[in-house]
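Peer 1: The primary structure of each chain is shown beneath.
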Amino acid sequence: MKLRQKVGRKLTWAEKNTIALYAYHPELQTVWGDLEKDIEIIKPKEAPQPAKLKVTLLPFQRESLFWMQKQEEGVWKGGMLADEMGMGKTIQQLALLVATGRKPNLVVAPTVAIMQWKNEIEAHTEGLTVNVFHGNAREKSAKELKKFDVVLTTYAVLESCFRKQQKGFKRKGQIVTETSPLHGVHWNRVILDEAHNIKERTTNTAKGAFELESDYKWCLSGTPLQNRVGELYSLVRFLGGDPFSYYFCICPCKSLHWAFSDKRTCDDCGHSPMQHTCFWNNEILTPIQKHGMTGPGQLAFKKLKILLDRMMLRRTKIERADDLGLPPRTVIVRRDYFSPEEKELYLSLFSDAKRQFSTYVDSGTLLNNYSNIFSLLTRMRQMACHPDLVLKSKSNPTFSGDVVEATICRLCHDIAEDAIKSKCHHIFDRECIKQYLNTAVEQSPACPVCHIPISIDLEAPALEQDEEVVNKARQGILGRLDVDAWRSSSKIEALVEELSNLRSQDSTVKSLVFSQFVNFLDLIAFRLQRAGFVICRLEGTMSPQARDATIKHFMNNVEVTVFLVSLKAGGVALNLTEASRVYLMDSWWNPAVEFQAMDRIHRLGQHRPVQAIKLVVEDSIESRIVQLQEKKSAMVDATLSRDESAMGRLTAEDLGCAPARAPLI
Amino acid sequence: MARGAGNNVRGPTSALTSFLREQGINTGPISIYNSGRIGSINEEEEENESAGAGPSQGAGSGRRGRGRAARATLAYNSADVESSDEETEKPTTARGKKRKLEEEKAKAKAKLAAKKRKRVDDEDEEYVDEYTAPSKGVAVASDAPEVGSSARCADCDKKFTVTRYTLPADPPPGYLCHACAKESGADPFKKPAAPRRRKPAQDKRKIVNFDQKDRVKTLAQICISILGQHIDDVEALGDIGSRNMDAISMILAKNRSLTAENVQLFYDVRNTSLTLYDATSLQSPALCTLASLNPKLERLRINYCGRMDNVVLEHWTKHLTSLHSLDLLGPFLVRAPAWEAFFNAMKDRLRSFLIVQSPRFDTACLAALATNCATTLTELRLCEVGKMEDTWLPTISTFEHLTFLDLSYPATSLTDEPVAELLKALGASLTSLNLSGNEDLTDAFLLEGVRRHTPSLTSLTLANLPALTDLCVAEFFSSYTPHPPLQQIDLSRSPNLSSKSLAALLSHSGSALTSLSINSWKETSNAGLMAIPEHASQLVKIDFGFCREVDDFVMKAIIDGCPELTEIKCFGCNKVTTNCPRKLGVSIKGVEAHATQ
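As they're listed, the protein sequences go chains A and B.
The C-terminal position of the first sequence is numbered 665 in full-length UniProt numbering, with every residue numbered one higher than the one before it.
The C-terminal position of the second sequence is numbered 597 in full-length UniProt numbering, with every residue numbered one higher than the one before it.
Same shape as in the complex, but just chain A (with noise of 0.2 Å):
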């Protein structure tokens, strides 16, 4: 109350809130000054390199290892390690790792990388033992784990695990729970490999990574901020950080979950949910998210800096360069522009667009339909790339009509005949794949698209009759075209151009190119093989072995220049300096991922010139979502790096928010 007779007005919400919590948590009150006293931020000084790790630790990997482990000792008892992409945060965890030896330890990483991680423990490390927990055949029992030193495991089964543990799954019309190994382990060590994966609270994956019990825990990412301040949240919370990622209330209560299950009262102390307030939002998200970076919002990221000083360690690429000897990398931004016809299109497409956007804001009802709006500005982008991927689409007949799908052998692109499909569904001429399996050396064969050993009957009956079978395969937009009149793009004739002057070289120069659009993919595929481009591709629905021989495949023969890569599956954690050329396809709102797409091959290990280029079509909504991208990069340079400046660059908005409202007006 006397801060109100002080202030001269009545007092908002969160200062009420503020000044209760104060009165029933008297602790919290000092929380931060005692955080800026009591902990010493850890100045990083050179560890000696560990003698069970094989290759050499560049100075700021010892640095950070001096860090990790005295970051152990202290309150956190782990920490996040926020190095920039390609700084080896693998080879300085495992330094960890040998450095201290305790089992078990669980590693939780994307599918892309678990393979790498199990690669990379063993040509650098000596002793320790791995386990993937991940497939059908993956150990059940919790005891069996424990006996391994570093078990490796994906988000998804961490997930799913999780899961049916908690909820149950359904089998023959019965819920039945199944207990998680995972979680029934005591692990020495946890460690998230690119954290961000849980940075949406309240899903699965991050309730799952909560449960893990561990006496260490330790965040791997390179980009720990994508869209928002609260993304933080969950890695701190994963961290354990008390108080700041529990839920208090007007009373002694405490507690680490949102737990009302009568939708009504506390389950602790009976208070109703008006009475509880997270700390981190009413400390640190609610002030950013309304102020900005004025008043209340910079006391907030002051707290932020606080706290982040002493958890987290990162290093960019800048700063150590010298230690790194990586190249520049330099981004270019390729404008094509449409031609005619392609320009007509998406005219008419974009009027249709507007048109049903004016419509929604008439009405009042906008926000009721974010998604169509979203589907609405999907479509453009996919004009942008190709018509073919709005005219030919499976999913909005109202533009394609009845398409009829073909079979399409994978060998020739051509509508198959006599098809039949292997084990890894993929589906060629009978023909076709004799003559593959004739002419291979090999003692066995790699299958032409996922590069594992292929197993297929030569003698099967054709597929035609079976429609079942042929569904399950996927044919993807090929299928849908008449190969014979089929046109290019603007987009892919200038990635044409781009790949063909490189090839004309006097040296071999690799490319990557990312789409988010699979079938954007398959279009590019097919008129890249067209050119007598050797190209090989990676998708989602392969396995960790398909992918693992796929990166092989690329990494390994000199002929092999192309390779496509869909911007979700394998945007995180791939190791590919073989190449030294990115092209960006097609933008995505968020430009983290695009950054995370461009360190594939900008990291350790690369000794080539790094070019990126972005293809752009110039006049359409990609422009757009251009200036957005660089409005995003300034909000994470405002929070992780220690340049103020970049503050000033931001309005409160964008710190709030994720995509734009209204990009098309």
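Simulated crosslink set (EDC-like; lysine to aspartate or glutamate; CA at most 20 Å straight-line):
1) B:254 <-> A:506
2) A:45 <-> A:323
3) B:541 <-> A:498
4) B:522 <-> A:618
5) B:575 <-> A:344
If you're looking for bench data, these hints aren't it; they were derived computationally from the structure.
Given the coordinates of chain A, assemble chain B onto it according to the supplied hints.
Peer 2: Coordinates of chain B only, in the frame set by chain A:
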């Protein structure tokens, strides 16, 4: 409307419809509505139509069709028609999708059944009454009740009129009325989709590959490529000529197989010049050895020297005592002090200094280069140098003997006035100028700088300057008169330029032009492009990618009009077809319909 009720008489398909079908025009949309008419239209009207006289029907098939549809509602339960409308207009929802899936399955089954039936039909081909036969393309089972008769629905047991769209019940016995057919998910109006077939092999055998260079390899080429494969045993071979040596070097680079062991092949104490095309796998010690084993080197060119660091450059400085030309791609690890030391040692010796990509090359390095080599340097390339800015230009302008200058793709663009000043100082001797990728350069530098001060230029590369305008570039070329024609012009990726610039360019430089790139001059007119061969018959290489007006005729004119031509690039020219002309020795790159086999 009254006349439509309760009459079962049908006529033959109208003359218009059968005419259209002969012409290959689909009457699909109309025939949907026609379905209603079988039950509803009387003879009188049919006669009107076949005579083509009915004034009310002169308005065209679309409107007529709609009229029919309206009438059809009388024959059917009105609810049916409504539901059919709904189905065509409803946007896909999740539920809709599921339904669609089911529908598709049912369709597929129906299709299969229809196929079988058709085969039976084909076998006993007999005379069918033209007037009662179902129209072609719609398969009706041979044992189906006659069209127009009435039957009982197998499902709801209602009486209904059999039409040519009536579907059999599934499971088989009996037939369904329209309402039940709809409900079962099948679309009675759907035409069986023709299964897509692959083209006959004969069509595929068309030769479409135009890049006919190296079709038959010479013996030397074959030997070299085999050599490339077995490069690790190369010591046994002894002497190889220098030209072939270069070819081997290229093949190794392409294979990424140049290593510290086999690179020895290219070393010789008597070497005065050495080129390595991909030195990525040569580590710092290997590059030092290079200097020790080739002490007489005068010219050194290394591409992709990503492992080269200060130590290497220091070593070279000491050991390569006669070096005067250095060409490096990607020496990004070499730091400023090493460059300075190098320049100090190269005092009054360095003639050519060409580097691409260095984020560490700074003002101090440039100053060292200027104080030591300003009088000797004739060729300078500072491409993709991160720290380049306008303030560097006064220093650069002290290199008074420069003939070759390349300041392309800096991290921050240079601007008009300083560049014009630079050209004022250096322009007199320049023969080759490259300022690509300086996005802030505008017309002013072209008119005030290049036009005024560069009398002996033969090669001009100004790619990626989006601020240039058509009028000014045209003015530049038309007023560049005392200057002899240029041989190489690259003004690609400046989307504002078009016909006017091209016309002026051709009339100024056409007679001597050997290489021309006008990539992305998207608006350039067809006539403008046709003029290229008239003016520039000496062309060897041309790139008109993304000039949308390029077509087969332009290609023909160029190929016929320029006898020296070896390469055409036409990426993104979507009017060029597979029929475009071809000629031995001319490789055409970028025709989208082309395949390499």
